[in-house]
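Chemist: Sequence:
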Amino acid sequence: MGNGKGKAKELSPQDAALLIQMNYRAHLAHRSQVLRCLRDLAVAKAKLKELRSLFYNLSYRRRLSHDHEERQRFSEKIIVLLLTVDALEGPDFMVRTAKKSMLEELESMLEIVDPQPPGKQRSFNRRKFDLPEGGAIPNEKTAGVNNAVRVINTGKGK
Numbered sequence: 157m158g159n160g161k162g163k164a165k166e167l168s169p170q171d172a173a174l175l176i177q178m179n180y181r182a183h184l185a186h187r188s189q190v191l192r193c194l195r196d197l198a199v200a201k202a203k204l205k206e207l208r209s210l211f212y213n214l215s216y217r218r219r220l221s222h223d224h225e226e227r228q229r230f231s232e233k234i235i236v237l238l239l240t241v242d243a244l245e246g247p248d249f250m251v252r253t254a255k256k257s258m259l260e261e262l263e264s265m266l267e268i269v270d271p272q273p274p275g276k277q278r279s280f281n282r283r284k285f286d287l288p289e290g291g292a293i294p295n296e297k298t299a300g301v302n303n304a305v306r307v308i309n310t311g312k313g314k
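One gets the working numbering by counting positions in the sequence shown from 1 and adding 156 to each.
In case anyone wonders, no lab produced these hints; they're calculated from the structure.
Among these hints, one or two may not hold up.
What the hints assert, rightly or not - Simulated pairs of lysine to any residue, SDA-like, Cα-Cα distance not exceeding 25 Å: (1) 233 <-> 272; (2) 203 <-> 247; (3) 203 <-> 215; (4) 233 <-> 212; (5) 233 <-> 179; (6) 205 <-> 185; (7) 203 <-> 193; (8) 205 <-> 165; (9) 233 <-> 264; (10) 233 <-> 215; (11) 201 <-> 239; (12) 165 <-> 185; (13) 233 <-> 221; (14) 203 <-> 245; (15) 201 <-> 185; (16) 233 <-> 222; (17) 201 <-> 270.
Note that the coordinates shown come from a computational prediction; the quantities given were computed from them, not determined experimentally.
Using the sequences and the hints, build the whole thing.
Modeler: Shown next, in the form of structure tokens:
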């Protein structure tokens, strides 16, 4: 490979097979994580659909406006689902987008069912600025890359 952009030496068939296996296993792990998160999101979406049907049922809304205990139970259901969805972490853009839209819908439902006084706001907006200050993310990325290089180099030594 004389153009200077490629690798300095050719990989042996064993090294190439090891590299392919490692990359394929990483791909499978990533895919299974995405699928697991999508499955959890589907379960949460079904619960959201149930809550939405109750929320848009006019007779149930009337009952909520008059029955404090029922309103409290419904608010708790929304909060539990909101916290469940917020705890889901997916590496895929589709997962993050679905999660964001579900959280926004749940927050708006909760605000209508159980409005807070003007001086007392809920702290659900934390997720908008989840990144830690001080550059912790680049350090994590560097550590991850260094770990991957070490694993590849360890595999070549065998």
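Chemist: The structure should be examined with respect to each hint, and the outcome stated for every one.
Modeler: Structure-based check of each hint:
no., hint, in the structure
1, 233 <-> 272, "holds, 17 Å"
2, 203 <-> 247, "holds, 23 Å"
3, 203 <-> 215, "holds, 20 Å"
4, 233 <-> 212, "holds, 15 Å"
5, 233 <-> 179, "violated, 42 Å"
6, 205 <-> 185, "violated, 30 Å"
7, 203 <-> 193, "holds, 15 Å"
8, 205 <-> 165, "violated, 57 Å"
9, 233 <-> 264, "holds, 14 Å"
10, 233 <-> 215, "holds, 18 Å"
11, 201 <-> 239, "holds, 13 Å"
12, 165 <-> 185, "violated, 29 Å"
13, 233 <-> 221, "holds, 16 Å"
14, 203 <-> 245, "holds, 18 Å"
15, 201 <-> 185, "holds, 24 Å"
16, 233 <-> 222, "holds, 18 Å"
17, 201 <-> 270, "holds, 21 Å"
Comparing the model with each earlier hint shows violations of hints 5, 6, 8 and 12; every other hint is respected.
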